[in-house]
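All chains, full assembly: derive it from the sequences and hints.
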Amino acid sequence: MSFPPALLELLVLCLGLALLLVESFTEKQDRTLLAYIGMVGLGVIFLILQLLPPGPTGMASYVFDPVAIFFKKFVVLTTIIVLIMSVDYATTIQRFVPGISSQAGLGEFFAIPILTCAGMMWMASAIDFILIFVSLELVTISFYVLVAFMRRNASSLEAGVKYLILSAFSTGFFAYGAAWIFGVTGNTNLVRIQQVLPALGAENYSAILFGALLVLVGLGFKIAAAPFQFWVPDVYQGAPTPITAFLSVGSKAVGFIVLLRVVQAFQSLPPVGDKVVAALIILAAATLIYGNLAALPQTNLKRLLAYSSIGHAGYLLMAVAGISARDSGQAVVIYLAAYLLMTLLSFLILIIVSNYADGDEIVNFNGLSQRSPLLAFGLLVAMMSLAGVPFTAGFLGKFLVFKVAYESQQFVLLALGIITVGCGFYYYLKVVRAMYWQSAASNGATIPVSGLSFATIVLLVLFTFLLGIFPQMATGLLR
Amino acid sequence: MDSVAWIILFTPLVSALVITLFTQPYRKLSSYLSVAAVGISFLFSLIVFFSPDGSAGFTWIDLGIFQVRIGYLIDGLTRLMLLVVSGVGLLIHIYSIGYMQDDAGRSRYFGALSLFMFSMLGIVLADNFIMMFMSWELVGVSSYLLIGHWFFRSSAADAANKAFLVNRIGDFGFMLGILLVWSATGTVAFTELTHKWSSLALGSTFMTVAPLLVFCGAVGKSAQFPLHVWLPDAMEGPTPVSALIHAATMVAAGVFMLARTFFLFEHSPLALGIILWIGLITSLLAAFMATQQSDIKRVLAYSTLSQLGLMVAAVGLAAPGAGIFHLFTHASFKALLFLGAGSVIHSLHHEQNIWHMGGLQRRMPITFWTFLVGTLALIACPPFSGFWSKDGILAASQGNFPAFCAIALVTFLTAFYMARLFVVAFLGHSRTEHAEHAHESPRVMTVPLILLAIPATIAGLPPIASLFWRVSGHEGSPATAIIVSLVAFVAGVLAGFALYRSRDKDPLNIPLFEYRFYIDQLYDQLVKWTQDLLAGICGFVDRWIIDGGVVRGLSGMTWGTGFALRFLQIGNLQAYAFLFGLGVVVLLYFILFGVP
Amino acid sequence: MVQDYLPILLQVIVAIGFAGVALLASVVLGRVGRRNPTKDSAYECGMIAKGEPQPRFSVKFYLVAMLFILFDIELVFMYPWAVAYRDYIATYNAWTIFGSMFGFVFILMVGFVYAIKKGALDWKR
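The listed protein sequences derive, respectively, from chains W, C and X.
The first sequence runs contiguously to residue 505 in this note's numbering.
The second sequence runs contiguously to residue 580 in this note's numbering.
The third sequence runs contiguously to residue 138 in this note's numbering.
Simulated from the structure, these hints should not be mistaken for lab results.
Just so it is clear, the structure is predicted and the values come from calculations on it, not from any experiment.
All C-beta atoms, glycine included, are put in the ideal place defined by N, C-alpha and C.
Take the hints with a grain of salt, since some may be wrong.
What the hints assert, rightly or not - Heads up, incomplete: computed chain W residues facing chain C, CB under 10 Å, no partners named:
1) Ser196
2) Ala312
3) Tyr452
4) Arg459
Structure follows, in structure tokens:
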């Protein structure tokens, strides 16, 4: 092998550190330049990922399989789009960050997501509890900083504190669970654990199960599964919007890949594996119900998206709970790909509009179709896809998830999923109605959109449709 | 042959895309594009009409065990429906050019119209359940757009929502039905299913439940009781849309689907019985409601409901041929009636109340005469088309006395309320100034009326009907059926004339009919209760447990009330942590001790 | 199995015993002499306690303290690495072992440079 894949994370890390250094040494330079450097650098990483074939890595705790490659591309792409959003969001950041120069703090706001990205890339490949833990912490700690970034904004600070404490709480559970598993199996490596498990005596089952459930709790926090989702609405609403997008896409996605790998490892011991699946079913059901019902009365789009993100975690958990079906992993992957497209699209447009209208209530979107047809159409596509209208990426994802639930005989979850999709239609259409059927109160002018954001919106819309109309493209993602 | 079907199907789609994406600002161009597209579809439908049966397709989505095929199936049923859908569609498109002349959202309107044609043709051509279901849903979406075209009127927006939501209830059942059929046979293609279904060795419960679930789709789309509530409200859309939705297409889709999948039903007498009585109940209720409406479009809407009930009842009588025949004749005369009503409304400056009309005979001669033709066809006056098709349904019910009586009663009521409508709206003297200054509509609107009057008159005549209707020959009706239907018709017309000649307001006043048996109110209450309950629970959870007033407080209050807020804030995080811990404990307890 | 925990039990007993004995001794012995206000005041290395119970620090203090802890903890990682280094180079690639610690220190170094450039250690700013 000519290019060791583990070098990629190091490159991303170095990129982030380099940006931080450049930031501290050049005080006069326009900070957005850093964001562009970051985007280009990550773009190069994405190209390398595109070229690297999956294969053995020679490391016990690090794999480079198709799933890992997919998730690495996923987070790199997410980070690039988050940086694009951050450039649009810069004016809001400047208002809430005190400093001598007008661009104080902006450099860090562009550089830290790249460090987060490195952590997420590690997580995508990690198959050892220690590496998982360390990369998880890299992700989480950088998020602590980013969530509370707007120091003069009370809700951002509040969100930061909530995220810090609850996240630390959940990490404790994760580490405790991993310790129990290590105590019983003598291993932290998931592959080794999978091999060792079937040989264990029945007296160890409770201990293993206890450990597995605690790990589940820790991961449940990351992916915003009920009942560990309490932080989500407040933190999502308070955090700077690009970071909210990053949290809801990137953080969730890597949570799911780790969840998949952990759950897979425990399937080698059916008495424990079945109960883990039972726990997943409970979590999935609770998440579906909570996320979709609580979204119904929302009037703030950012908060609505937070609840919707909980709801989508529920569908994803459905797919994980159907681990016995052949395509469970594939369903998760494709759902996440669709989720990336539509969620980032919504957040991107949310940022542009709320920057201009100075608020992210749904009311601010009234009559958007007359003011900025492109933005309205983009958000329409995003909402349709989130709701699961056919011929959009979101429909494909939901369809595959339901198929998995059907094949693994989870009929209760299936029924629940279908009912909650109905709920989803209601609250997503609320946004569409505001944009197309309500007339604008004020600010009737067209909203300016930067060229880069424009191109991103067009691309995201295009791929939302492409994935929905030619699903073969999606299945090709894993080959 | 192969490409002809594709051209029919995809031309409207291309038009819809082009209109939405490119010609939005050029309203005239958009409308011509849309008309041209449906014109092409109609021409090729004619070609298909004279060509042999066939089917072809390709696999569109291939996900391992699940495949979605896009394919068409052309047989007698398809040929007829293609002609009806594209023919009536074409006339309505042309008529819309005139009707929507002053509308600012014309591009949007024609885009949605094209999308509607595409999805409707998709249902007709589909050779499998999945493609049919997808088109089915698209029909729902496009009708939502069309009904809500004048969205700035809150009644239109509500009607669109109502139509969409009510349809989804039916579609949910439809989807479950498809899934059941698929899981039992492993296929969704109609031709394969026809063979496999009859040889299935499954319990009679399954053989009844699966078809009935599929029937749910038809209940929603064809507006059968108890999901009929959306159809009258859908009158909020522009009149051509009412005609399009009510006459040939959207509501007929349900009946067409029943005829297409009749092989599912024929083995279950129970399922057929339920379908029969759902149809009859719908038909009777709607006929009663129609006798007390004063909005011209609403009368026609209830009459549509009533006729659809008859068609569904025909399927329930194991005579889908008779149902489709009625669908075919109904498509022409009901479109004619709606367009005639639209012409009246247009020239009376959007006046829809029949008690504000009157004396239109001389002022709008073309509209008057064509409307008369439509009325005669609807009330089954020989030799107009409606007579033959209704007679067929009546004949099919001869073995079933209650059903026979119900259909005869519906025939009587139809004659009665149509006579009422005609007498009040067209005859007598003008009751308002608008009616006095009415004038004939432009030619682009009257020509479709005349064109539609032709099939409404002759389409039922046996020699002509046999040309179109090759699926099952229209047997000669027994004498009893003919006599009963004639008696009911004459009695209804006489009663209508006797009661309503030169009246200025309604001599009858039956609130039960006028308020549609209070079914809408009941539903509203039901929906409101469940919604209130759900919203209450969600609101409670959100406000007191999740929100704790903090976030809301932050956005609402200023920092002046900081202390209480900060206090809550601290408590809040602790509450979160507490709930988190509680969740962990409950989960652990459940899994470690609860799950066997 | 249970015997394994004996040392822990012993340690617990010793800890409680020591604390108890110390407290008891101070109470018993303290009663003996004569008392005066100076004697009764809290023992504070010769300084007389006054002012607020919780004096306010400049926020910079916390910043510096945090940085101190950060770079202090770094040593905790270095120590076991240094101890195991000699054994590990026998079996593993020496450059990997060395490189990983180098990388670690390098990252810290970046952080240090960043902190200095940002003036985090500049008390006057």
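Hints, one by one, checked against the model:
1. Ser196: holds (7 Å)
2. Ala312: Holds - the Cβ of W/Ala312 comes within 10 Å of chain C, reaching about 9 Å at its closest.
3. Tyr452: Holds: closest Cβ of chain C sits about 8 Å from W/Tyr452, inside 10 Å.
4. Arg459: It holds, given that the least Cβ distance between W/Arg459 and chain C is near 7 Å, below 10 Å.
The structure is consistent with each of the numbered hints, conforming to all of them.
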